[in-house]
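Dock chain S against chain F, hints included.
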Amino acid sequence: MSQDSDLHDATHDAKFHATTYPKFLRLALHLCTQGSWSFYAWMILLSGITLVGANAWAIQVRDGMSGTGMSDHVSWGLYIANFTFIVGLAAGGVMMVIPAYLYKDKDMHDTVIIGELLAIASIVMCLMFVIADLGRPDHFWHMLPVVGKFNWPVSMLTWDVLVLNGYLLINLHICGYLLYKRFLGENPNPKFYIPFVFLSIAWAISIHTVTAFLYSGLGGRPFWNTALLAPRFLTTAFCAGTAFIIVVLQIIRRMTNMKIGEGSIRTLANIMRVTIWINILMLISELFSEFYTGGSHASAAHYLYFGHNGLNALQPWIWTSTVFVIVAAILLLRPNIHKHMRTLDIACVLVFVGIWIEKGMGLIIPGFIPSTLHEWVEYIPTALEWKISAGIWAAGLMVYTLLLKVAIPIFTGEAMEVAKKRK
Amino acid sequence: MASENNKSCGSGCGCHSDEGIEQENLFNRRTLLKGAGATLGIAAFAKALAPITEWTKDISVDEFLQKHYRELDKSELAAVIKRIEAETKEDYGKEVTISAPQAQKGVKFAYALNLSICVGCRRCAEACHIENNHDRASGNSYIRVLEMSKGSMDMEHGNADYNHPIPQDDKFYMPVQCQQCDNPPCVDVCPVEATWKEPDGIVVVDYNWCIGCRYCEAACPYHARRFNWEKPQIPAAEINPNQSYLSNRIRPQGVMEKCTFCLHRKREGKMPACLEACPTGARVFGNILDPNSEIRKVLENKRVFVLKEELGTKPSFYYFFDE
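Residue numbers (the numbering used here), protein chains in the order written: chain F, 1 to 423; chain S, 1001 to 1323.
Rather than coming from a laboratory, the hints here were simulated on the basis of the structure. A couple of the hints might just be wrong.
In the EDC-like style, the derived pairs of lysine to aspartate or glutamate whose C-alpha atoms are separated by at most 20 Å in a straight line are [what the hints assert, rightly or not]:
id, chain 1, residue 1, chain 2, residue 2
1, S, K1231, F, E375
2, S, K1105, S, D1154
3, S, K1171, F, D138
Computed far set for chain S versus chain F, every beta-carbon distance over 12 Å [stated by the list, open to error]:
id, residue
4, A1048
5, I1052
6, T1056
7, A1086
8, K1089
9, C1121
10, N1140
11, A1194
12, I1234
13, P1241
Positions of the beta carbon are idealized from the N, C-alpha and C atoms, including for glycine.
Only chain F is shown next, with the shape it has when bound in the complex:
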């Protein structure tokens, strides 16, 4: 982190924090409610979408989930698809943390907070998608340890609850601590955050591994029951998460005074370039085993790519994804891609959408088709599901925008000027 000359180390008593911390929070509130007209327009747009989603969810809770396209044959749909993808987005942030702290990449170190804040916003979205999928959100407390019954360690879902919330807390601590220290104009004490940074690296890998184990541990669902699922989850996460961050970094460069070094984008583009090809290799390996062996084990994959007796709801999804991912992988081979921003941006969007489909609809739905008794029932998400999903995405982007709105001026030092002026 670049250091100003007046930074100093200091120890304070609790009384000091009791008076300065509220000031810090007040400044944060001020920063995240103050902005340009485009900021207000963006927030109003997101609020509007969130409102529509909240209303749709309230209706779903009241009238039951019959308003969704799900059935006893395809019992998970768009919510769990989005959940799975966004766990990857959260884990993808770690692709900034590793270069920044493990390889001491200076440019990355200055911008790493953007990845850490993305992890926070993503986990918030994940938790919302899980709640949207529950038939009885009022029974949610049954999952709390001590007062409820927590089926740990047998149920992988309890592991997922632990790792997701743990990851949220770790990142909240790291970001909160660094920002508060910056606000005080002091050097952060490595003892209080470096161990957590390293913990967060291992933890990021765990959240996506555990989420893959949710599916790959089910013997009755051959489409998911593959050891390759967790490694594929990680590679696609590192690819799609990175794509999202590259776009965010450019927006920040354009909209704020934060310095985004070329090094960050170069490193991230290199990561994408490698991970996307590893993903394609693994995809080919899986498809080879499925289709060369054939038999009923391959029927879900066959349905996904080629349909079955005129049922082909997933075909447009998966072929869009396949084309997007392959085109992006080729675009990313362009030498010095970080200097060709247009090419890089196109590749990022293609990767993001392509993986969103591949890990969402392309992974969750074929797990249920054909059903365990080999019945063929298709799934098409309803308007209600689209509204709720869009609402959660909007709420998550709102959280991310507000976090950035607080963090960036504090990091650039502009916030302290504001604070002085306010006095």
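For chain S alone, kept in the frame of chain F given last:
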């Protein structure tokens, strides 16, 4: 925009420090606007979430705070049952009695089904529908009957949606319901222990504890679990009033349910409804620990098999063909 920002206050609002009084007015107007915006936003959210309050009206505090079935003592269970009976009366206009029969010592239930004589009439599925108070509109049942091609045991060649006279000559019929596995994947995956295996071998659900995540439905290899996608609708006259807490009482919206081999009947010495409805006598049910039971005779004398044995679920449901 980037160059403009250089002189701004840093929050990207575009205001300039040298605008003096004019800026202060702007700020006041802004604060006012923001206050109005925030109030409007909160009001809009309250309105958007209003359907939730309509829903919570139907949920009593007692219901919300109800403990897990296995942690209720006798008096608490009695109170819960009384409340549910009253709620059923209020919602469905029918007096029902809800019992909570316990598993007996030395009893483990098993089922066997003779595929040679099953004709695929689906009367078992219909009996299940009536006995277990399923939602009428969906025609739900815990049993699905597969019409299978002779010459294959692969479900890939089965069809559960046949609609023609039965039995067809080139077909055989395979009803599938909960296999009451000894190693049930559905129980393992439940995050809140809302489903478990009773001492007599039956996998049950506490409908009031289930959170409705449907992980068990994804985990079950036999399509044995059902979700209440909405509140079940049954006319009062069609409701079976002999109910039990863990089996056929009318399920709440948003929770899982499943076949219990008619726990409320067999724990009182009766046979499951599907067995009684079978016109060909294809179904055999009993206590596997009783050496003289009919089910034991079948297991000892017939070449039985279980579905998807390779998954290691250890079903308590056996199929066989006559020699």
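Taking the hints in turn, this is what the structure says about them:
1. S:K1231 <-> F:E375: Violated, at roughly 25 Å.
2. S:K1105 <-> S:D1154: Not satisfied, since the Cα-Cα distance of roughly 38 Å exceeds 20 Å.
3. S:K1171 <-> F:D138: 47 Å, violated
4. A1048: 4 Å, violated
5. I1052: Non-interface label fails for S:I1052: nearest chain F Cβ at 5 Å, not farther than 12 Å.
6. T1056: 8 Å, violated
7. A1086: 20 Å, holds
8. K1089: Answer for S:K1089: holds, closest chain F Cβ roughly 22 Å.
9. C1121: 19 Å, holds
10. N1140: 8 Å, violated
11. A1194: Given a closest Cβ separation of 7 Å, the condition is violated.
12. I1234: 15 Å, holds
13. P1241: Correct as stated: the minimum Cβ-Cβ distance to chain F is 24 Å, above 12 Å.
Violated hints, in rising order: 1, 2, 3, 4, 5, 6, 10 and 11; the structure is consistent with all others.
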